[in-house]
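Novice: Sequence:
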Amino acid sequence: MSGATTKVSSSMELITLGTQAGPAIRVNETGIASAVVVGGNFYMVDFGLGCTRAAHSAGLRGRRFRAGFITHLHSDHVIELPGFLLWNWGHQVEGFESRVELYGPGQDVDDRHHAALAGTAGMVQHLMKAFAYDLHIRTRDEGRPPLNSLIETTEIPHPLAGTPGAGRPFTVFEDNYIQVSAVLVDHPPVRPALAFRFDTEDGSVTFSGDTAECSALVELAQGTDILVHEAVNLDYYLAHDFNEEFINHQRQSHTSPEGAGRVAQRAGAKTLVLSHLAGVGSHNFWQERAARTFDGTIHVARSGDRFRLAGDAASRHVRSVPHESILQ
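The sequence shown: position 172 = 175 (my numbering), numbered continuously.
By construction, these hints were calculated from the structure, which means they are not laboratory data. In this text, a Cβ means the ideal position worked out from N, Cα and C, and glycines have one as well. Among the clues, some could well be false.
Here are the simulated EDC-like pairs of lysine to aspartate or glutamate, each with C-alpha atoms no more than 20 Å apart in a straight line [to be verified]:
| # | residue 1 | residue 2 |
| --- | --- | --- |
| 1 | Lys273 | Glu216 |
| 2 | Lys273 | Asp238 |
| 3 | Lys10 | Glu177 |
| 4 | Lys273 | Asp308 |
| 5 | Lys132 | Glu104 |
| 6 | Lys273 | Asp298 |
| 7 | Lys10 | Glu104 |
| 8 | Lys10 | Glu261 |
| 9 | Lys132 | Asp144 |
| 10 | Lys273 | Glu204 |
| 11 | Lys132 | Glu158 |
| 12 | Lys132 | Glu155 |
| 13 | Lys10 | Glu158 |
| 14 | Lys273 | Glu261 |
| 15 | Lys273 | Asp202 |
| 16 | Lys273 | Glu291 |
Pair by pair, the computed Cβ-Cβ distance ranges are [unchecked claim]:
| # | residue 1 | residue 2 | range |
| --- | --- | --- | --- |
| 17 | Gly165 | Arg66 | 42 to 48 Å |
| 18 | Arg143 | Gly62 | 30 to 36 Å |
| 19 | Arg254 | Leu120 | 22 to 28 Å |
Please build the complete structure, drawing on both the sequences and the hints.
Specialist: If you want it as structure tokens, here you go:
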């Protein structure tokens, strides 16, 4: 974690780069990924299919990338991590040339006897090995700095599930612009699975990650300006004859739109943004179901949507803004 604690006041924006759950392609949306933009820099949450092009289209350039946060190691949340790093590295592509940080879960606590089941650090190490030829050639032939030396990976230490501290938020990262905290959420059989909260002088955004309806997330999201919460349309899977094991996973490990609304209501969130939409449903389906249990503002996110926090603490509001580039 960075040691700086003095926050710099600056505008804060959420970009839902991708909103589709996976691994499946059922609608015309990018895979799950979001960016938080603060002070001209940006921080990524998850790296779903298509996020590299989506970030570029949103005006995000690697030279402004500071840190990435991975909620869990399901493939739909990390599949494009290598593409994002390789396409945003070096001045030739307006990429990063100094250290960037990646934070994610360690090895599954229930599967540590399987040495091959790497956590975030092991995954990144294997990616560097897999692309070693390309990294070597581009470093030698194009004058790029060695990528291995620029990526600092941290496996997030956390309380063990079932212990008294397991439901309490803890700090993950801090710099001059943001503080990031996390909590363990319920996404069986995946352990650990994390939710993240970003706090700045201009407001807060909380990401549920993949989770069943979860009281720990309610605590993390208390008073947040924006809660980005996953949702599943279980009726879609039931109507399309998916197998029993798959439907059982969706039922036990994900949250209905009504459940997402309950979490937002209990947390006192000002705005609920539904993302990581699993199954297929109309905009009205997601909106109306969440509105049954949440009386605040609801947005059904699409890839590339932008939400800007404006105003002081007493009058702060969330404003949806056009899809223009904000980074120069």
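Novice: Would you mind marking each hint as holding or not holding in the structure?
Specialist: Outcome of the hint check:
1. Lys273 / Glu216: Within the cut-off at roughly 18 Å; holds.
2. Lys273 / Asp238: Answer violated: Lys273 to Asp238 is near 28 Å, above 20 Å.
3. Lys10 / Glu177: holds (9 Å)
4. Lys273 / Asp308: This hinted pair holds, its Cα atoms lying about 18 Å apart.
5. Lys132 / Glu104: holds (19 Å)
6. Lys273 / Asp298: Measuring from Cα to Cα gives roughly 9 Å; hence the hint holds.
7. Lys10 / Glu104: Given pair Lys10, Glu104 holds - Cα atoms ~19 Å apart, limit 20 Å.
8. Lys10 / Glu261: violated (36 Å)
9. Lys132 / Asp144: holds (19 Å)
10. Lys273 / Glu204: With Cα atoms ~16 Å apart, Lys273 and Glu204 stay inside 20 Å; holds.
11. Lys132 / Glu158: Holds: Lys132 and Glu158 sit about 19 Å apart, inside 20 Å.
12. Lys132 / Glu155: holds (16 Å)
13. Lys10 / Glu158: Distance of about 24 Å is beyond 20 Å: violated.
14. Lys273 / Glu261: It holds: about 16 Å lies between the C-alpha atoms, which stays within 20 Å.
15. Lys273 / Asp202: holds (14 Å)
16. Lys273 / Glu291: Since the Cα atoms of Lys273 and Glu291 sit roughly 17 Å apart, the hinted pair holds (cutoff 20 Å).
17. Gly165 / Arg66: 42 to 48 Å: holds (43 Å)
18. Arg143 / Gly62: 30 to 36 Å: holds (31 Å)
19. Arg254 / Leu120: 22 to 28 Å: The hinted range 22 to 28 Å holds for Arg254 and Leu120, with Cβ atoms some 25 Å apart.
Comparing the model with each numbered hint stated earlier shows that hints 2, 8, 13 do not hold.
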